[in-house]
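The residues making up each chain are set out below.
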Amino acid sequence: MPTITNTQLKLLEKLCNAIAVSGDEGEVRQIVLEEVKPYADEVKIDALGSVLVTKAGAKRSRSEKRLRVMLDAHMDEVGFMLVADDGDGIFRFEPVGGLDVRQLVGKPVLVGRGKIPGVIGARPIHLTTPEERQKKIPLDQLRIDIGPGGKAKVGERAGFATTFRRVGQSIFSKAIDNRIGCAILIELLKNAPPNIDLCLSFSVQEEIGLRGAKVAAHAFHPDLAIAVDSTPANDLPMHNGSENISYNTKLGLGPAIYTVDVGTLSDPRLVRLLTETGDAEDIPYQFRQPGGGGTDAAAIHKSLAGIPSVSVSVPGRYAHTSTLVCRVDDWKNTLALLQAALGRITPDLLAGKR
Amino acid sequence: MPEFTPFLKSLLAAPGLSGYETPVARLIEAEWRPLVDEISRSRLGSLQALKKGRDGQGDRPSIMIATHMDAIGLMVTQIVDGLLHITEIGGIDARVLPGAPVTVYGTAAGQTEELFGVIVQPPARTLPASLGDGPIGLNYLLVDIGLTHKQALQKVQVGDLVSFAAGPVELAGDVISGHSLDNRVSVAALTVALQELQDKFHAWDVWAVATAQEEETLGGAFTSAFGLHPDLAIAIDVTFAKGPGANDWQTFPLGKGPTLAFGPNIHPFLHKKLKELADRLEIPYAVEVLPRHSGTDTYAMQVAAEGIPTAVIGIPLRYMHTPVEVVAYKDIQRAGRLTAEFIAALEPDFIEKITWDENP
Chain L
1 MPTITNTQLK LLEKLCNAIA VSGDEGEVRQ IVLEEVKPYA DEVKIDALGS VLVTKAGAKR
61 SRSEKRLRVM LDAHMDEVGF MLVADDGDGI FRFEPVGGLD VRQLVGKPVL VGRGKIPGVI
121 GARPIHLTTP EERQKKIPLD QLRIDIGPGG KAKVGERAGF ATTFRRVGQS IFSKAIDNRI
181 GCAILIELLK NAPPNIDLCL SFSVQEEIGL RGAKVAAHAF HPDLAIAVDS TPANDLPMHN
241 GSENISYNTK LGLGPAIYTV DVGTLSDPRL VRLLTETGDA EDIPYQFRQP GGGGTDAAAI
301 HKSLAGIPSV SVSVPGRYAH TSTLVCRVDD WKNTLALLQA ALGRITPDLL AGKR
Chain D
1 MPEFTPFLKS LLAAPGLSGY ETPVARLIEA EWRPLVDEIS RSRLGSLQAL KKGRDGQGDR
61 PSIMIATHMD AIGLMVTQIV DGLLHITEIG GIDARVLPGA PVTVYGTAAG QTEELFGVIV
121 QPPARTLPAS LGDGPIGLNY LLVDIGLTHK QALQKVQVGD LVSFAAGPVE LAGDVISGHS
181 LDNRVSVAAL TVALQELQDK FHAWDVWAVA TAQEEETLGG AFTSAFGLHP DLAIAIDVTF
241 AKGPGANDWQ TFPLGKGPTL AFGPNIHPFL HKKLKELADR LEIPYAVEVL PRHSGTDTYA
301 MQVAAEGIPT AVIGIPLRYM HTPVEVVAYK DIQRAGRLTA EFIAALEPDF IEKITWDENP
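Taken in order, these protein sequences are the chains called L and D. Heads up: the first sequence is residues 1 to 354, going by the working numbering. Heads up: the second sequence is residues 1 to 360, going by the working numbering.
Among the hints, erroneous ones may be present.
[Stated by the list, open to error] Facing chain L, according to a computed beta carbon distance under 10 Å, are these residues of chain D, among others:
#1 M75
#2 G91
#3 A94
#4 L97
#5 L142
#6 T148
#7 S177
#8 G178
#9 Q198
#10 D199
#11 N247
#12 L254
#13 D279
#14 I283
Bear in mind the hints are in silico, worked out from the structure with no lab data behind them. We put the beta carbon where it would ideally sit given N, CA and C, even for glycine.
Isolated chain L (complex conformation):
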């Protein structure tokens, strides 16, 4: 059973503190390349910037067929792009990816490759009216302020300045979605099972339309695919004390297996592979409540002539904000479930009934 080592924690911290707003994933790409190169048969950067890694299984006989299994984790995160220079270190910005404007005010940010510090401030409460405070602060009132005379350029990206922190079982970071998936893929490569050919896609631009995964699937021609991501845990208490029946996932209950989301009907054979693995190996798992949201699987399964796909996510609270929270045990069990499930894949997996 895999565990989360200090080395893995350090790597996740490094991945999480890197900034990789969709379309500018370079900082994470460099870390990924460094990590995968010693373990991969082939590593390449595709036309969009995704890192595609292959690692063949062990050849036992000439006639034996191994399935090509694609694992996908997106490298990008939500953030901002500077869109207009108001002068004297003040910039208008727009969100890249699904951000709630109510989550931006009062945040320190880092701008551009040079990680220039800036802040998103707000009108002092003393100068607001009670009526005004009943409305959210609209985006067009917000600016990134890097200080008088500060130098940045329109077109540069900015990300939240939150730094990684671990408190007991909990991890706090801006980019758990989806560096935790990247960390899991790296670990799976290091322990690649011999029974399959592993194809890893560290994909770009998930947050703005699953763009990297779509072309990666095309390049890999896999027999099946598993998207590994972070999914919201909306498991907070209801405001009125009633039972929360639409929690999506809950922290601490293990990896979330997808059946249906807004973009994908998971392949039932792959869902079964995961649940049977969990049951057999005594690894906790949960079903993500069917409903909205989605992963790169939505793009992958419709690629080529169709690729049976499923998603597995680590539950995380407060998705697409400056700080998400997840649990070390959920990370560990997601890694354990995937590693065990990959090891159980046989060439006839997809010959089974749907």
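Keeping the supplied structure of chain L fixed, place chain D upon it in accordance with the hints.
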């Protein structure tokens, strides 16, 4: 980076919410002790330091310089499923809170334990549908400390304090950004003044006071002004800087000097003297007109005992009462220098020279 920066940063990292100023008061006391003759805490918690005037004999007049040391923050009101409900200490626009890192000072286990947490806006599906995509009020916001309910109850109890936790960062143009710059930058300015006074002759006694409880009741300033009974009093506090979100007419340029407030809360003679002095020293300033309440400790000091002539020196600050307030170092330095020069310029009979300009 000015000399006072490490001290200011230590103040910004120290807790000290209104009514609970001791941690920050200790740091200020350590910094001021070598600069003053006497130092003690008042009954309500203000730190009161006396630097004696140098003319030697007899009763010396005294001036009180008030810089409040308390900061806005939050307090735990309830613990549900390991998550903390909170209320405010000081005026906070709840719209700036979601996502803010905080330190919870948990006391349930006896000794205070500092716990990391984040203020969170709960998912829409757990909130009343009527809130829609509007702002989420403080009564719905929670603090997630990453603990289970059982663990949380072992560490945190109702009434525990919560302060903002993001460390200060320096931005371009020699400005600093962070929480609690209101009003720790003024404490730094007063410290600059005390340092400048080390090499200056001053006839008057100086009461440097880091006041308590300004953000809630002005309790520290009311009581220290009564207890110390100074002849004059000046508050150094932050004021609104021009910048995103703020209007243009109630605000002052960042890094272009302190403000000298004018209005019923300020004695016109002191205002005039401060202006003349700033002109003479070529310290840039702006005049800030305040038609009613100055929103500072001066409101309390003016009416202490039989009444005290007062003035307000303002340090322009962007994004007041958010976790990312912004102040220019230069303005702190200038406010401190102006204060020191004003004190040094006070003649022993200054009080007798105060006149009312009754000419139309």
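Do the hints match the structure? See the list:
| no. | hint | verdict |
| --- | --- | --- |
| 1 | M75 | violated, 18 Å |
| 2 | G91 | holds, 5 Å |
| 3 | A94 | holds, 8 Å |
| 4 | L97 | holds, 7 Å |
| 5 | L142 | holds, 7 Å |
| 6 | T148 | holds, 8 Å |
| 7 | S177 | holds, 5 Å |
| 8 | G178 | holds, 9 Å |
| 9 | Q198 | violated, 31 Å |
| 10 | D199 | violated, 32 Å |
| 11 | N247 | holds, 7 Å |
| 12 | L254 | holds, 6 Å |
| 13 | D279 | violated, 24 Å |
| 14 | I283 | violated, 19 Å |
Consistency with the previously given hints fails for numbers 1, 9, 10, 13, 14, ordered from lowest to highest.
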